[in-house]
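J.: Assemble the whole structure, with the sequences as input and the hints as a guide.
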Amino acid sequence: MSEEAVAENTKEMKKVFDRPESLNDQQFSYCPGCHHGVINRLIAEAIDELGIQDTTVGTAPVGCSVFLYKWFDIDVIQPAHGRVSAVATGAKRARPDLTVFAYQGDGDFASIGTNNSTHAANRGENITTFFINNTLYGMTGGEMAPTTLIGQKTTTTPQGRTAKDYGYPIKMSEMLAELDGPTYITRQAVYDPKRIDKARTAIKKAFRFQMEDEGYSLIEFLSACPINWGMDPVEANERIKKEVEEVYPLGDIIERS
Amino acid sequence: MSEEAVAENTKEMKKVFDRPESLNDQQFSYCPGCHHGVINRLIAEAIDELGIQDTTVGTAPVGCSVFLYKWFDIDVIQPAHGRVSAVATGAKRARPDLTVFAYQGDGDFASIGTNNSTHAANRGENITTFFINNTLYGMTGGEMAPTTLIGQKTTTTPQGRTAKDYGYPIKMSEMLAELDGPTYITRQAVYDPKRIDKARTAIKKAFRFQMEDEGYSLIEFLSACPINWGMDPVEANERIKKEVEEVYPLGDIIERS
Amino acid sequence: MPRGKIEIDINRCKGCRLCIETCPQDVIAFSDDFNSSGYNYVETENPEDCIGCGFCGKVCPDVAITVYKRQKEGV
Amino acid sequence: MPRGKIEIDINRCKGCRLCIETCPQDVIAFSDDFNSSGYNYVETENPEDCIGCGFCGKVCPDVAITVYKRQKEGV
Amino acid sequence: MGEKKLMRGNEAIAEAAIRAGCRNYFAYPITPQAELLQWMAEHMPEKENGTFLQAESEIGAISMVYGAASTGERTMTSSSSPGISLKQEGISYLAGSELPAVIVNIMRGGPGVGNIQPAQADYFQATKGGGHGDYRLIVLAPSTVPEAAELTFEAFNLADEYRNPVILLADGMIGQMMEPVELPSPVDTSDLQPKPWATTGTDGRDSNTIRSFAMGAEALKSINRDLQGKYENIKKAETRYEEIGVDDPDVLLVAFGTVARIARTTRRLAEEQGINLGIFRPITLWPFPGDRLAELSKKVDTVLTVEMNAGQMVEDVRLSVNSEINTPFYGEQGGVVPDPGRILQEVKKYV
Amino acid sequence: MGEKKLMRGNEAIAEAAIRAGCRNYFAYPITPQAELLQWMAEHMPEKENGTFLQAESEIGAISMVYGAASTGERTMTSSSSPGISLKQEGISYLAGSELPAVIVNIMRGGPGVGNIQPAQADYFQATKGGGHGDYRLIVLAPSTVPEAAELTFEAFNLADEYRNPVILLADGMIGQMMEPVELPSPVDTSDLQPKPWATTGTDGRDSNTIRSFAMGAEALKSINRDLQGKYENIKKAETRYEEIGVDDPDVLLVAFGTVARIARTTRRLAEEQGINLGIFRPITLWPFPGDRLAELSKKVDTVLTVEMNAGQMVEDVRLSVNSEINTPFYGEQGGVVPDPGRILQEVKKYV
Amino acid sequence: MDQYSTIVSGFGGQGVILTGKIIARTGMEEGLEVTWLPSYGPEMRGGTANCTAIISSKLIGSPVVKEPSSLIAFNKPSLDKFGPSVQQDGVIVLNSSLIDDFSLDKSHKVVLLPVNELAKDLGNQKVINMVALGGWSKATGKLSLSALKKGMKLTLEESGKERFVDINQKALEKGYETAKEGIKASSV
Amino acid sequence: MDQYSTIVSGFGGQGVILTGKIIARTGMEEGLEVTWLPSYGPEMRGGTANCTAIISSKLIGSPVVKEPSSLIAFNKPSLDKFGPSVQQDGVIVLNSSLIDDFSLDKSHKVVLLPVNELAKDLGNQKVINMVALGGWSKATGKLSLSALKKGMKLTLEESGKERFVDINQKALEKGYETAKEGIKASSV
Ligand SMILES: Cc1ncc(C[n+]2csc(CCOP(=O)(O)OP(=O)(O)O)c2C)c(N)n1
Ligand SMILES: Cc1ncc(C[n+]2csc(CCOP(=O)(O)OP(=O)(O)O)c2C)c(N)n1
Ligand code: SF4
Ligand code: SF4
Ligand code: SF4
Ligand code: SF4
Ligand code: SF4
Ligand code: SF4
Ligand SMILES: [Mg+2]
Ligand SMILES: [Mg+2]
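Chains A, B, C, D, E, F, G and H supply the protein sequences, listed in that same order.
Residue numbers for the first sequence follow my numbering, beginning at -2 and rising by one.
Residue numbers for the second sequence follow my numbering, beginning at -2 and rising by one.
Residue numbers for the third sequence follow my numbering, beginning at 409 and rising by one.
Residue numbers for the fourth sequence follow my numbering, beginning at 409 and rising by one.
Residue numbers for the fifth sequence follow my numbering, beginning at 595 and rising by one.
Residue numbers for the sixth sequence follow my numbering, beginning at 595 and rising by one.
Residue numbers for the seventh sequence follow my numbering, beginning at 3 and rising by one.
Residue numbers for the eighth sequence follow my numbering, beginning at 3 and rising by one.
It should be emphasised that the hints constitute simulated quantities derived from the structure, not laboratory data.
A partial selection of chain B residues facing chain F, derived with a Cβ cut-off under 10 Å:
(1) Tyr66
(2) Asp70
(3) Gln75
(4) His78
(5) Thr96
To be clear about the criterion: a stretch of chain E counts as covered by chain H if any three or more of its residues have a C-beta under 8 Å from a C-beta of chain H, and this derived list gives those stretches:
(6) 772 to 778
(7) 922 to 934
Small disclaimer: the values here were computed from a predicted structure and weren't measured.
Backbone N, C-alpha and C define an ideal beta-carbon position, used for all residues, glycine too.
T.: Below, the structure is given as structure tokens:
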């Protein structure tokens, strides 16, 4: 359709869905069908809606979201792998007036960063953490993560993960919910519009807790990595519904405000 | 009483309590009334009773038990602060035929070492961990640990720990019990003969699990640090009963064999 | 006259197929072409069926879709 | 004749008082003296009351006590 | 200035940091710097927006410093040798991201656990880069407690001016001993230079990023070139040293920190025996005052380096002076503090 | 030996380690060494008692190595620059405890995240001690994939012989490239020398302790003296280098690893222009072959050092040769691999 | 043979990496010195990939080349990036299915191969790379078709992909044959 | 005044650290250069403690001394460890309540003070250290009793322990007075 035709046609139409303000006009470098993109957009939407673009500082490390600083039109700090929770803690403690979020892969949050993640949660740091659980290390070549499911083949579990040798899929959200520090912990998915709406609501809620000085929130996202799962994006969505949710059930885990 | 008199008198008497074989003839360097000493002895007794003195390797780091290698007549590795679970993992994986234990303070296990501790537990490493929770850093001068109680004064919380600034006493045992890896997690105390007997039974059980290839065991001990608590040893015992147990209840948390 | 309308930024599209699967009206389909990044992008095949539900935009991981919806009378 | 008996290694003793508190028979008490490490150690004050229950040994953090118990007949 | 207090080195450093406007201190306990945390725990909460946080680990602490520094606030961490080793990745990140921050290393005997006695065996780590990649820290080595306070204060200014981490390299003796200190007057934090590069929320301006990442080789090369350029500037402007009796010495002794103060006693003993011992004390270990040392070395046959390690700074000494000059080394290790008389024995070998 | 395979550097290193009897490998993924883990994940479980364990972090990995090495088993970890920085405390512990272990660093651009392109900017860290305290690693720098395999194999022997950690210092290019490799024949692990010092359960003998701790200063000093003594022995026995065309060169070029192989192309280009370019390639970066270099340097006016960093090994070059010799440096950074022609330009400045 | 270097470049998924490996593997089998070096890194995520293979009768110094002897370009960005650096009289094999408009400065031997169509004819889009490699063999003459077939076979076998040997053999042949006609001088 | 160094040594809990600090604090108040250095470390756990205080009119080089000018020894191990290194003609204040048998080689000025008993007389075992310090003042003459009283007062006040000033003052006096009689030459 020609541009004019679109213009013509949209005259009486209202834009109901568009790129959020808090995203720059940059193309994501994620693979086709990767949920990082959806989650990035949802966070940007929440920032827009809460009107905090000017006062938000994101922290996002290496991992497939290594270019997050390019995509968001907000101030961004890029910590070392795994240190995001501690870096966000430092930024928030230094400037409690800012809204600070931590964006972390499962390798980052649940493996190398477990110490920093756990203690930020236990201290109830007034930050908002987005924990992208795609059951493996996307960036470095699809290695096992502590979140990898039993039987799942990855480049470092070529025969599939066995519990005997490599332990069990780690349930960080449930584990951290045992602590007294966190205010809000929830697990979300983004494979269909309904789930996406719920996830968006959760993100806003988590930001609001921070703005109201209520303390630590954690949103775990079950996230598809079609490329390393060796699936097309539609199959990858199915896998989340059928297999990943089995191990990591969706929903709020705690809310204590 | 003269030596001869003792000899005379004990003729018809049987030794019912004596220094265990697995301890050397060295004096502990712990302060008066410190529970490290009791726990060390109980571990040595368990090793004696299970007949594993020759095949046991202990790992024990810095902290007040820094001289553990001197006191035990077994092979001992001294890891870096916090790395004990990982070092024990390495030793056990290399030599699965050995019985490997990890002896860790709360600073070690629950602060700097949280990452290594959590993942050893999550992998269900076939090791036995003794976690000495004295609610602070004994060795370095009585600083706050993540286990410090709310209100407790330490050298780094001179006004008493507040939840707002420093978070909550971390319940490592409950937290790790949320994972699928561990086989046996229990919390014990050693302030009276009854408790001491129970603790001893727990230690033996944990070693047995390892010997039967059943996987990861964790025994948390509520341990008195009279010197840094600013109490005499008897008061320190009372504190455990009255205050510490309130936050960290005694008893088995999981047992899955 | 269609109730909704979408614009696809074909250079952002990576041909992941998620919008196609999600559209309740089968509005979207693969194009025959590849974009400058080498992806087989999608286009609107049945624009007239679009109801402006926004599902495609929501699921698109590359924020490649803008959605318009005809406003009800009096809005 | 006492049912039990203990030996205290006074050079190991650090005078923590735990054995004194725990002994059901009040057998143990502080000595007037200090050992070579400067601790006010403990000694048996009422040895004849000892029942060999072993409590003192169990609670002693410095493994300073050896406990003997008179054996029952026929053992 | 003005008030004179008897303070431990650790306490003097902590108080000097607070007076320099540091309001964000993150650390983990370790001997022999534990009193630094204790002072901060006591006094930081008294300050407006003052943050004392005992981190979960040294890595947590350096990461918190990274976060706080990103917002442009003055921030510090402290530790001792093993803990500083744990911070190496973080230090490389701070340097690569050009973040101002102050790191205090109260060195103890190594390697490994070692012990908790004073040592100077982390010279290489501090000056040549214990972390990965080409970066430099400004390394300040105080020789007395008052100087420890002074250099701590100065460290914050240097860090801000050059957007570079600064390390205060002292040893357990300086951390533990007490001396009379005249503390610097507190700065008014609102007078500090604003930092337009900091991540403080965009508030209208273009967004800022704090990172040490550049995907392409050419892009990272150019970042590295800029860093090296900055380091050259620092070399030119910030090299510091102290000279004692270097006009016509029989032997020139080079030492830093604790050893340099001990050497003053040696100098007195030498004098009694008619030996003129010159002392050259680098205050900045990086940038190393090599040019000045080269000049001074022309007056002597022997430049003797004394350190509490197996021979580290001596490499920089040798790199500075002509290879014809004799450059022996004497060191003690493992927490042994060299005795002034023992040093004199070494000196006498070369007169 | 015998079979020739086309292998990636990372894979060749992994397979060589297995053939050297390494049965305990612990690591954490990082580019550009990820294939090393992948190879181990695939092949270690095929071996009897073979352990591949992806650790929770680099610190976990080096600690597991500490544990496995304590039992006397051959063990290895690998990583790339930022991950190696995280291991510095652990490495200092290994060295202080005199544990044999092999550490592979496939270097990338730094500082901080840097990028994942090849670099040589961790020379200082590896050779001078990135961790705390006075210790030394044996540092082996392969220049080709076959040599990476060979030196990995050798690393295990050296580690055992001297009870010392050995680091294989290569860069992303060597890790990623493929070349034909003749692999060493596998050792029979039961033929390896027993290690009576290891913690394997007492089984009748006196108990063993693995530690790096000595409370008293004199005790730790004596441990340090012993370590230094061992290092002297290693210097004498294990210094390795390669020389190409050093009989009567116009200029002597010093380079290690990837740069040294590139310099061979430069040498060919130089030859075409009638310039005789000698190449001196240290294979052991520590111990640095300074004595041999000093000898060779007598034949030339200029010793040109080329590195993929801002100038690190060049310090060891300058420490080795007489200060009258010209010792310029040319470096590339950030993942830029120097071009043979560009190096020639530098060379020509000095003919 | 003097050092002969080839850059293979295209989108991820076009078989770039394998193509380079087969050149190196074949060279090795022929008794030559060889190196192979991939580009690697996050640009892989949905982006382009390239690698460099060098074969030589003498020891190979640098595995990186600024001016390759030949180029196999599967898409336009690849040609734009590497085309200009190919040596005078060097060979450029380009995928004319995706690259329709280009110009080159130096005098190159350019092989235009519609590899997508040719692969479609063979019934498998995955073999576009072997079609191109067949063309490269013809145009460069550095490794014979039969040598490449053997090298390809060995390479696939070593990674457990024997079942694809046949179709790839056909693709190599097809490329070789087609190139006979398709070789043109620059600048077309 | 030339450099004057004092080692104070005893069990943990005997007030060793504070004693040294008061010497340094007093010296500073008197306009002298001072240093104070504690022993530190795990030996503290129930073990012995010691510290070195130096006062001098000139800049102090090393805060560590191998041969101290004086020693205050609260127990036998302390005397054994440091006694032999005290300078010729140096002062040794020793706690005769705990040390009953000793011998020394050099000619020292030895002050025998039964500090435990003297403190008991004062009704507070905690002040044994000030009793000893009073004796040290008398025997060394380096810092006057009144200066030490002031230094002690300042030190206690700075750590919020004003309430103990009185009793400690009495202890200083008691030590000073008692020492008048108790000074003996070595080797007793
Ligand atoms: C210290 C350190 N170790 C390892 C790496 C390599 N690395 C980069 S990202 C990453 C993990 C990526 O996995 P995850 O956090 O799950 O993010 P994803 O890519 O899956 O979104 C790793 C191991 C690094 N950059 N730094
Ligand atoms: C990397 C590192 N950080 C800090 C220290 C200092 N340190 C030694 S033991 C210890 C903690 C002791 O506390 P805990 O583990 O609870 O043992 P405890 O002494 O209470 O029994 C610390 C912080 C160290 N040795 N290494
Ligand atoms: S590798 Fe996986 S997580 Fe990373 S961008 Fe691709 S699909 Fe997303
Ligand atoms: S400080 Fe506490 S934990 Fe340490 S030995 Fe003393 S009483 Fe025990
Ligand atoms: S808006 Fe709804 S109907 Fe229209 S194309 Fe998108 S998904 Fe289909
Ligand atoms: S969801 Fe987006 S990226 Fe995926 S096919 Fe549709 S428009 Fe393209
Ligand atoms: S054995 Fe029992 S009765 Fe005897 S002294 Fe001990 S506690 Fe008292
Ligand atoms: S319990 Fe042991 S150390 Fe404590 S007073 Fe009794 S004998 Fe002494
Ligand atoms: Mg992931
Ligand atoms: Mg503790």
